[in-house]
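In order, the protein sequences belong to chains A and C. Adding 43 to a residue's 1-based position in the first sequence gives its number in my numbering. Adding 30 to a residue's 1-based position in the second sequence gives its number in my numbering.
For the record, the hints were derived by calculation from the structure and aren't laboratory data. Computed from a predicted structure; not experimentally measured. Some clues are possibly wrong.
To be verified - Simulated pairs of lysine to any residue, SDA-like, Cα-Cα distance not exceeding 20 Å:
# : chain 1 : residue 1 : chain 2 : residue 2
1 : A       : LYS147    : C       : TRP752
2 : A       : LYS147    : C       : VAL763
3 : C       : LYS792    : A       : ALA156
4 : A       : LYS147    : C       : LYS845
5 : C       : LYS793    : A       : ILE66
6 : C       : LYS792    : A       : ASN247
7 : C       : LYS845    : A       : ALA273
8 : C       : LYS793    : A       : ASN247
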Amino acid sequence: MDIKPMVLVIEDENAICNFITAILNSNGYRVVKSNTGKTGLSMAVSYNPDVILLDLGLPDMDGVEVLKSIREWSKIPVVVVSARGHEREKVEVLDLGADDYIVKPFGTSELLARIRTALRHSPQSMGGELNGTEKITIGDLEIDFAKRLILLNGNMVHVTPVEYKILALLSKNAGKVLTHDYIIKEIWGAYADDSHTLRVNMANIRRKIESNPGFPKYILTEMGVGYRMAEEVN
Amino acid sequence: METLEARPDPDAILDKIRAQQEKDSGKLKIFFGYAAGVGKTYAMLDDAQEQYRCGKNVLVGYVEPHTRPDTLQFLQGLPALPPRKILYRNIELQEFDLDEALRRRPELILVDELAHTNAEGVRNRKRFQDIEELLNAGIDVYTTVNVQHMESLNDVIEDITKIRVKETVPDYIFERADMIKLVDIEPQELLLRFEEGKIYRPDQAQTAMLNFFSLDNLKLLREIAMRKAADRISNENQNERRLSQKLANTKMLVCIGPSPSSARCIRWTARAADAFHAHWVALYVESIESNYLTEEQQKTIRANMDLAEKLGAEIVTLSGHDIAETVSEYSKLSGITNIVVGKSRNKKTLKNLFELDFEDKLISFLPNIEVYIIPGSTVRRNYKKPRKTLPIKKVNFSWLDFTKTLGLLTAATVLGYGLRRLGIGDQNVIMAYILSVLIISRVTTGHIYGVIASVVSVLTFNFFFTEPYFTFNTIQAGYPITFLIMLLVALITSTMTVRIKTQASLSVQRERRTEVLYEINKKLLITRGLENIVALTNEYIINLFGRSVIFFSVDPEQGEAGSVMQAPEDVDGSLLNSEDEKAVAHWVFLNQKRAGAGTDTLMGAAAFYMPVISQGKVLAVLGISCLKGTLDHNTRLFLRMIASQVAMSLERQRLSDEQRSIIVEAEKEKMRSNLLRAIAHDLRTPLAGILGASSAIRENKNTLDEKTCEKLNGDIQEEAQWLLRMVENLLSVTRINESASKVTKSPEAAEEVIAEAVGRIKKRFPQRKIIVSVPDDLLEVPMDGTLIAQVLINLLENAIKHSTDDSFVEVILKKTGEYALFQVLDHGKGIADEDYPYLFTSYVPNGNKSSDSSRGMGIGLSICMTIIKAHNGTMEAYNRSEGGAVFQFSLPLEGSE
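Whenever a hint applies, use it, and build me the whole structure from the sequences.
What follows is the structure, given as structure tokens:
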């Protein structure tokens with residue numbers, strides 16, 4: 044497509060705003076900026092951007108509130124920019140409907156990857172695309188949804204039904220972080236609340252698909268938040 | 031000079047405290063009159079209407095329903111509290127509803143009749159206690175009282191009116207009042223009102239009142255009331271300047287005993303002490319006779335002690351056989367300036383012929399002390415001194431003692447015969463008898479055997495050994511004197527012996543008490559920790575009194591139950607932790623007064639509750655089960671002594687806790703400032719680098735070649751990375767709970783934490799090889815994952831920085847027993863010996879060491895140590911024999927909440 048995707052950056056720190064704009068512009072995005080939550084909201088309405096990059100620490104209102112009011116009317120992908128060490132905040136914004144988060148300070152590649160992922164998972168681009176896919180391949184790992192199979196280097200990996208469900212869930216959302224609660228609810232239902240079981244299952248999965256579970260390639264841990272399936276393995 | 035001025039004026043501080051207290055507690059205004067009908071209630075309601083119109087939140091708590099109609103008019107418009115109805119022996123009584131009043135919390139409440147005694151079943155026995163609670167809750171109170179209800183004036187009034195007023199209020203309530211309004215009318219006018227039936231309705235019984243309402247009485251009462259009010263005003267005027275001096279100068283002592291006239295002495299002393307603003311002590315001397323006191327007398331003593339305490343005396347109990355001597359000793363030791371004694375003893379006893387009167391003795395012992403003698407009560411003569419019951423009680427006849435007496439006397443007689451046979455003189459026979467009397471007094475219980483033996487020995491001596499033999503006649507002229515002397519010697523000997531014996535037993539008792547106290551004190555001194563103090567106290571109380579005990583170290587309102595200890599022979603102690611009992615304990619915490627069984631407040635409780643007070647603060651409340659009956663005065667006194675020891679101990683504990691926390695705080699502060707200093711120093715270097723490099727690029731855009739530019743950019747990035755890591759380390763320190771230096775732990779998969787750390791390190795050092803090995807089984811460790819990841823990042827970075835670029839770094843996770851062991855290994859040059867002792871401290875001893883070298887480790891490692899310690903883990907470092915260093919830490923697998 045010719046039309047460049049538009050990114051709305053809601054961020055009050057000019058220095059960060061500048062360097063984000065520089066990166067995004069040079070990587071083929073259009074950028075609109077807002078220094079406050081209020082103008083950010085009205086810009087989100089008027090520009091209808093493809094992705095919103097939202098900083099949580101805004102001068103006029105809490106970023107979480109901005110996220111809430113955006114989610115009232117729109118499913119525009121929102122990537123939250125947060126400071127490290129606030130797991131609870133991250134989980135909160137993810138539960139409130141943020142698509143992803145990125146921790147300050149971040150590098151160029153990380154930022155671009157997050158925005159790419161968010162765009163890919165956006166409702167416009169989803170368009171049934173993923174639901175129709177039969178299989179996903181990440182590095183040497185292949186997940187065949189039609190046959191409900193996990194293949195590693197072409198060899199079948201034996202997984203339990205629950206492990207398959209977790210893998211399927213993560214791979215369908217590859218590149219996106221899924222919170223512990225979200226995964227537990229998706230796999231075991233609304234009333235389960237046992238992060239221990241999830242950890243055990245995750246450890247088992249890693250021992251089956253990762254060459255070194257202490258340094259995983261496919262399923263990455265987001266400390267205190269959740270898990271993320273890598274999109275590509277380098 | 032300046033420092034002197036800057037020193038706060040203690041008086042000013044006192045004033046401040048007082049003002050604070052005044053702000054906290056409500057104000058009391060008393061409408062004070064000399065008789066019923068002077069218009070106290072009227073004045074009170076009038077005032078309240080005024081306040082109400084001014085917009086104050088006024089509530090009529092209780093006004094006597096028998097109030098005169100024209101007074102009742104004033105009630106109109108004021109919000110009133112419905113009285114609480116209490117059924118007592120099928121009579122419905124109306125009482126002031128204290129709890130509702132406390133719940134409503136008006137600004138001002140009106141409660142009529144301060145001296146009223148509440149019906150049974152109400153929390154407090156007396157209304158003034160209700161009012162105190164209201165005041166403590168910060169509610170202003172208006173109340174009314176007549177002069178005859180003042181405790182200290184009680185007997186004065188009685189003398190005048192011949193009517194004993196039973197409902198009294200202690201004087202301190204009066205003292206506490208912020209305002210006293212004297213309501214006064216001419217006695218003639220009052221009488222007129224009375225005759226018109228305005229004061230008492232015609233249907234009320236009036237006979238007693240008729241006596242009371244005589245013109246003379248009213249005049250006198252009026253005078254007393256006015257004088258009381260005037261005293262107060264003059265006190266107020268003098269208070270500020272003289273109070274402290276006078277306190278130091280005068281100290282009064284009143285001797286109390288089982289006689290009811292003691293009460294009069296106590297009241298007199300209270301008034302006098304009040305006038306002098308002096309401390310006063312009520313002293314009771316236990317002597318031999320106190321063992322033989324009747325039930326009634328013991329009750330009187332208790333009542334007297336309670337009275338004295340209520341009037342503000344310090345109660346002291348001593349024991350000694352000679353009351354005068356004991357009193358004088360005590361007075362000398364505690365600097366008493368005035369002594370008050372009652373004089374109501376019967377003068378016509380034999381003893382008084384030989385002994386000085388008590389007060390004379392006192393004066394002779396203490397020539398410098400003023401002694402006041404208060405005559406015995408003349409009003410009540412219906413009281414009979416139960417002297418006569420004493421001897422009956424004393425003679426506890428026993429055959430054994432009788433046989434002993436008889437045998438010894440016979441032996442003396444036989445010995446006398448023997449001596450006589452040998453021709454050794456009379457004087458030896460007398461000696462033999464006296465010896466026998468002495469022995470009899472020693473081996474028998476009570477006076478009586480000694481006395482009988484004395485008389486009998488004189489008689490037998492007369493009968494057997496004086497001419498003419500075997501008659502009671504004597505012919506020799508000197509013998510009557512011999513008999514008399516012999517009798518006296520025998521009597522004195524026996525009395526002395528008995529006295530010494532009793533003295534000994536008394537002192538043994540006292541000794542035991544002192545010993546126990548000393549023991550408790552000693553034990554408490556070496557006891558550390560609140561729980562141990564509580565346990566020790568409980569144990570002692572159980573051993574001493576055989577009753578279950580409960581110890582509240584915190585107000586039960588805050589949800590904590592007291593620690594109960596069950597006495598073996600007492601009923602179930604768990605009862606003491608019921609809600610009702612807790613409410614009583616809570617009351618004690620709030621009001622700093624004793625309550626529960628055997629007291630005036632909440633007497634329905636199962637236990638007696640006593641506050642443990644130190645410096646005006648209730649540190650704890652002790653409850654002693656009273657299911658076996660209420661505690662007697664001695665026990666209470668003893669308990670109070672124990673309580674004061676416990677208070678000291680608790681106070682000490684509190685201080686030491688405080689001190690410890692101060693030390694910890696100081697330590698933390700020191701650590702923090704050390705850290706800050708180190709950081710400030712360390713932050714400067716990279717910032718200088720960044721600034722330098724960036725300005726170099728900006729200012730020399732055209733002259734710099736591409737390669738230099740690139741290098742400078744790389745430097746900026748590197749320095750910024752370093753800064754970032756530093757900031758993250760600092761942030762992680764703030765995650766450790768400030769006060770307890772504890773972290774919030776939740777189970778985490780150890781491998782995930784390692785993966786996180788390695789992942790982040792990989793982003794910065796993508797070219798370095800890191801080998802991670804984890805056990806086959808998932809290892810879940812309770813921890814703060816972010817912090818442990820931070821530790822691993824620090825260790826990994828150190829390892830990478832201190833080894834060559836081509837070598838690899840290993841991370842190993844193992845399970846060792848109850849611990850998870852994390853190891854970070856490198857293949858570098860290892861840890862230098864001189865660095866070793868300071869590895870985990872932010873303190874770098876070598877000040878001249880370049881800041882650059884401390885950059886790699888120093889603060890990072892000390893923060894790691896802090897984090898691991900907060901996890902109750904251990905951390906160490908060593909060099910491997912094959913080269914390279916190992917940094918490892920282990921975290922306990924148990925302990926997640």
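We went through each hint and held it up to the structure:
Distance hint between A/LYS147 and C/TRP752 is fulfilled; the C-alpha atoms sit about 15 Å from each other, no more than 20 Å. Distance hint between A/LYS147 and C/VAL763 is fulfilled; the C-alpha atoms sit about 18 Å from each other, no more than 20 Å. Taking the CA atoms of C/LYS792 and A/ALA156, the gap is near 17 Å; set against the 20 Å cutoff, the hint holds. For the hint linking A/LYS147 to C/LYS845, the alpha-carbon distance of about 34 Å lies beyond 20 Å, and the restraint is violated.
For a cut-off of 20 Å, the pair hint linking C/LYS793 to A/ILE66 stands: about 19 Å separates their Cα positions. Restraint check: the Cα-Cα separation between C/LYS792 and A/ASN247 comes to about 24 Å, which exceeds 20 Å; the hinted pair is violated. Note on C/LYS845 and A/ALA273: the hinted pairing is violated, with a Cα-Cα distance of about 29 Å set against a maximum of 20 Å. Between C/LYS793 and A/ASN247 the CA atoms are separated by roughly 26 Å; this puts the pair beyond 20 Å, and the hint is violated.
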